[in-house]
Amino acid sequence: GWDRNAPEFGDLEVGDNFQKHNYPFSIMLNANGERFVDEGADFRNYTYAKYGRVILGQPGQFAWQVFDSKVLHLLRDEYRIKRVTKVRADTLEELVQKLDDVNPEKALATIKEYNAAVKKDVPFNPNIKDGRGTVGLAIPKSNWAIVLDTPPFEAYAVTCGITFTFGGLKIDPSARVIDTDGQVIPGLYAAGELVGGIFYFNYPGGTGLMNGAVFGRIAGTSAGQRAKQQP
427 GWDRNAPEFG DLEVGDNFQK HNYPFSIMLN ANGERFVDEG ADFRNYTYAK
477 YGRVILGQPG QFAWQVFDSK VLHLLRDEYR IKRVTKVRAD TLEELVQKLD
527 DVNPEKALAT IKEYNAAVKK DVPFNPNIKD GRGTVGLAIP KSNWAIVLDT
577 PPFEAYAVTC GITFTFGGLK IDPSARVIDT DGQVIPGLYA AGELVGGIFY
627 FNYPGGTGLM NGAVFGRIAG TSAGQRAKQQ P
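Under the working numbering, think of the first position of the sequence shown as 427, with each following residue one higher.
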């Protein structure tokens with residue numbers, strides 16, 4: 427997720443702190459006041475890219491991440507910046523009224539249904555996939571399910587932010603760029619975010635850096651070898 431009211435373009439002072447990636451410890455509500463994804467399916471590095479796309483498919487292309495006070499100390503520094511779309515309340519009834527553009531009655535019903543479904547006998551452990559999930563919900567929460575019963579409650583509005591596309595040029599194993607006819611373009615190499623066709627549907631956190639490191643080295647080697655062959 428990316429702060430709903432973040433500027434259209436990047437901000438060098440804030441950097442990537444508009445991101446909001448502690449959603450596995452939350453429940454996320456859309457404009458209809460409904461949960462729409464398993465927030466605790468996996469660690470955030472494996473789900474944040476595809477969940478951003480899911481948020482884009484929600485009404486209004488936004489969601490609210492709702493947290494109980496029991497997990498607020500676990501939130502990353504990105505939740506503590508000054509430029510953040512946040513609400514806080516001492517009761518759930520008050521909280522849902524503060525969620526802009528959300529159906530408050532449905533949101534409250536969703537939270538209560540979720541609370542009743544949490545496996546309270548399973549210990550919460552933020553360091554592993556703890557299996558503390560829900561029972562009987564149409565959309566389960568598989569891990570890190572916390573009952574929302576201890577105020578103050580906090581909620582953060584998010585949308586999807588594009589930080590890279592990975593929809594760029596096609597290359598061969600030597601990092602040479604391929605044209606629309608499937609032929610190598612002599613002397614043209616690409617690596618990192620310029621390259622497309624590496625990822626599909628999801629992107630595990632950090633693999634973009636690895637992609638750049640691997641193909642950057644390959645591209646440099648290929649370019650050097652070609653230069654040596656030139657008269």
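In case anyone wonders, no lab produced these hints; they're calculated from the structure.
One or more hints might be untrue.
What the hints assert, rightly or not - Pair ranges (Cβ atoms, derived): (1) V561 - D468: 18 to 26 Å; (2) Q651 - R502: 19 to 27 Å; (3) P485 - T606: 34 to 42 Å; (4) D527 - E439: 51 to 59 Å; (5) G608 - A542: 55 to 63 Å; (6) G483 - K555: 23 to 31 Å; (7) K555 - R502: 13 to 21 Å; (8) G638 - R479: 18 to 26 Å; (9) T591 - R652: 24 to 32 Å; (10) T606 - T633: 54 to 62 Å; (11) D607 - I554: 16 to 24 Å; (12) G638 - K546: 38 to 46 Å; (13) E434 - Q651: 27 to 35 Å.
Stated by the list, open to error - Below 20 Å or equal to it, Euclidean Cα-Cα: the simulated SDA-like pairs (lysine to any residue) are: (14) K512 - S495; (15) K596 - G622; (16) K596 - G613; (17) K512 - K596; (18) K496 - R558.
On a predicted model such as this, the values are computed, not experimentally measured, just so you know.
Every residue gets a Cβ at the ideal spot worked out from N, C-alpha and C, and that includes glycine.
Exercise for the section: Return the numbers of the hints above that this structure violates; sort them in rising order. Expected result: Failing hints, ascending: 2, 4, 10, 11, 13 and 17.
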